[in-house]
Amino acid sequence: MTRALLLSLGLSLGLSAGCAGRKLAVHGEPGGNLLALSAKQGARADKQHKDAPLVVMVEEGGVRAIDPITATDRWTSSLRAQGHPAANSTAVFVPLSGHRLAALDRVSGMVLWKIELPGEALSGLDANDSTVVVTVVDHRKGRSRAVGYSALDGQLRWMRRTEGRLGAPAVVGSVALVPVGNQVVALGTRAGWERARLDLAGSAPGGDDIVPAVERVSRRGEALYAGTARQWVDLQTATSGKLDALAEVQGYGEVFEANEGLDAGHADAERLRLWVDLSPTTAGHRDAVFLCRRAVVAMRIDDRGMPRAAQWTYLSDGPEFVGFDVREDRVVLVREDGLLVQVSREDGAELDRIAGAGPTRGALMVDLPDHLSKARRSKPDRELRLAMMRDLILDDDPRLLPAQQLAVEILWRDDDADVRHAVERIALGEVRDEASAASAQLRAHAAERLAEPWGAADADQIAALRRELEARPSYLSDVRPPAAVLARKAVAAGDQSMVADLVALLNHPSTEAGDLDPLVRALGDLGTPDALDGVLGFLRRYHADDGVLYESAALTSAVDILAASADHVGFLKEVVEDPFTAPALRDYIAARVPAEGPPTTPDVREQAPEIASLSTPGL
Amino acid sequence: MTLTAMSQVSLRSLSFGTRPLRRGGWILAAVLMFGTSADTAWANPMMDLQLELTELVEQDDEASVQALRNRVDEGLPPAALSAMLDACREHPRDDLAPLLQDLAMHRTSAIRARALLAWAGLGPGASVAAIRAAADDRDSGVRRLAVVLGRLHPSDRGDAIVRELLAHDAELAEEIAAQELEAPEGEEAGS
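Taken in order, these protein sequences are the chains called A and B. At the far end of the first sequence sits residue 1127, using our numbering, and the numbering has no gaps. At the far end of the second sequence sits residue 303, using our numbering, and the numbering has no gaps.
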């Protein structure tokens, strides 16, 4: 009996102390099935989810909780948060100065408990209904701890020490997913036992001050992602060696401040944030929302993280945004004056606005519904999207520079040469010509874009396409380049160095008649001076040849392209006046280019007035 | 030499592979397929233009070369180009080689054929290049011209190109074989 009691006491002590004595390996033997474990636990947690939406405003002088549905204050607290709070279904956990953590009742805001944390700096925290999991760093000893506390009373449940640093934990059901080195470890929240370990790609880290390769882990449905503020990796593909499954928005990584995995609280850098839709996708592109101080840009990014198209932009009239969450149908924003505003993900229109109570540094949004019961909205049309981009670019507020650079990037990737021409106008200083450092940076950014392909292809794809375009039709060599297909690919690649080969194919006598029109259109889409010269040369050479006129629509397409450019109207008039011009072609041109006055074909300004107006200083 | 006269050229002395070549009706057809410049001269402005171009070809000076270059670059109707190329063939000028090479890349096969004929007349090197260009053409009529040029301007390299062409173009090879069978015995015996 005594032995049984001792054994029972020993087991009890062992459990209560968790794995306090066991070190957590920086690079341990991978084991268990972390993906399956998190999926199972996540599904359980989802079933237990309670629909009690709350927005916890981290204000200058305390913490305020409001109900975003009814627009009512739930409670206020004078506690001053030093890091990012977390919540479970009953409490809100707030990091405080002096390495302390407080738990507040989620309904009343009453302080439930306060404890000292065993480290100098917080990596992050998360909680389920029984345990709060905290990762802290002890700089003096160069090590980290993952610690589990009872969510009910703050009692220590377990502690795991490790060399180097741990990333922020993500609690999924009854496991905490903790980044360590280049691995993700699943710890049971009850006792801190290691239940699974997953290797990310890359070599094992070394040294005394090991920074995790990723800062946090995030679950979206059955998918699990690990990443930083600007870069996420699908853990499913990471296990197959493809760590770069989802890169950062390329070229914009520098705007996001790296914090080496430490929770810096609601700091200034947090006003530049990127949200990427991590839902599994098969379409090759994802939605993303870029928060840039007082601007929000919703866009599409491709599978390499390149911004491809803007959806909408939303600008605050002055104060910056400090809180940011994206739901199924809307973006929820908290402004530094405490304003809570919700805008549609479809078109950026305001759906709801709740006035603020005072200066605010950040916000925690808990259990917000995925949808608001509002009428379905539609995406803005292309002209409106371009108008939004114009308004963003023409705003001389230097705080918007990163968003403006992003807008320039998106304009440069537009299929319409006239829209891309706006980037040239910016580079030349025809707009945004004020003498500020931000304007100079924007001009330099536009000039850099002009020097690179505007399409979606990467360097390898462009090199392969260039090789294909170098081939010329040859009967003896059985070479018949699919010129129309290559022309479309060249436009998609947006590489201006391909113009010469496209012109050569257009002028090659063995190019199929059916390929001529796609080649001419591709040159028109590329829209560079040498591309238009190629189109002009083709029209000049064959304008008096009925046979070429009737074998394809290439000559009339050439007329359409040149008629849209004021520089070439004079040439078209010369063609009309040439007595040997094919009569049908002369009639076609005459209908589009009258003898006097401007061309009657759609003008650049009619096609994209909002972008064309970029050329007008002062707008 | 006119186009028609050219079709009457005796080909008996030309070698073609290991067998002697024979003249056939298809040669005439290949040449006549492209017609003559006179066929397409339909109006006075066109005749004036053809006359102007022809005179430029016959002037034989640097200024005329540049003037022809300018006129071609401006874009000319096929009938005018045909007249100019016929003149180039009858008055071979080395300084017109670049222009002829350029027109050998024209989309209209009749223009290409005329340009190749004129280009091939500029010497052994030009003839081989013209045969190569004709043999590599997507148009079967222009490819037939390669065989004609091979007979008009015989050379080992030209023969090799024609053999390569016939290895690729089964239809043309059969056509030639059939014509060889139809040729009068006396013609072969007389070679």
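These are calculated hints, taken from the structure and not from any lab test. Some hints could be false.
What follows is a list of derived Cβ distance ranges for each label pair [said to hold, decoys possible]:
1. A:ASP1095 <-> B:ARG269: 47 to 57 angstroms
2. A:ASP1075 <-> B:ALA289: 33 to 43 angstroms
3. B:HIS280 <-> A:GLU932: 24 to 34 angstroms
4. A:PRO1037 <-> B:ALA179: 22 to 32 angstroms
Sample of chain A residues lacking proximity to chain B, with all beta carbon distances greater than 10 angstroms (derived) [stated by the list, open to error]:
5. ASP646
6. ARG933
7. VAL1056
Beta carbons are placed, not taken as given, at the ideal position from N, Cα and C, and that holds for glycine.
Going down the list of hints, with the structure as the test:
1. A:ASP1095 <-> B:ARG269: 47 to 57 angstroms: Holds - the Cβ-Cβ distance for ASP1095 of chain A and ARG269 of chain B, about 49 angstroms, lies within 47 to 57 angstroms.
2. A:ASP1075 <-> B:ALA289: 33 to 43 angstroms: Once the Cβ atoms are compared, 57 angstroms apart, the range 33 to 43 angstroms for ALA289 of chain B and ASP1075 of chain A is violated.
3. B:HIS280 <-> A:GLU932: 24 to 34 angstroms: 48 angstroms, violated
4. A:PRO1037 <-> B:ALA179: 22 to 32 angstroms: 28 angstroms, holds
5. ASP646: Correct as stated: the minimum Cβ-Cβ distance to chain B is 76 angstroms, above 10 angstroms.
6. ARG933: 33 angstroms, holds
7. VAL1056: VAL1056 of chain A not clear of chain B: closest Cβ-Cβ about 5 angstroms, inside 10 angstroms.
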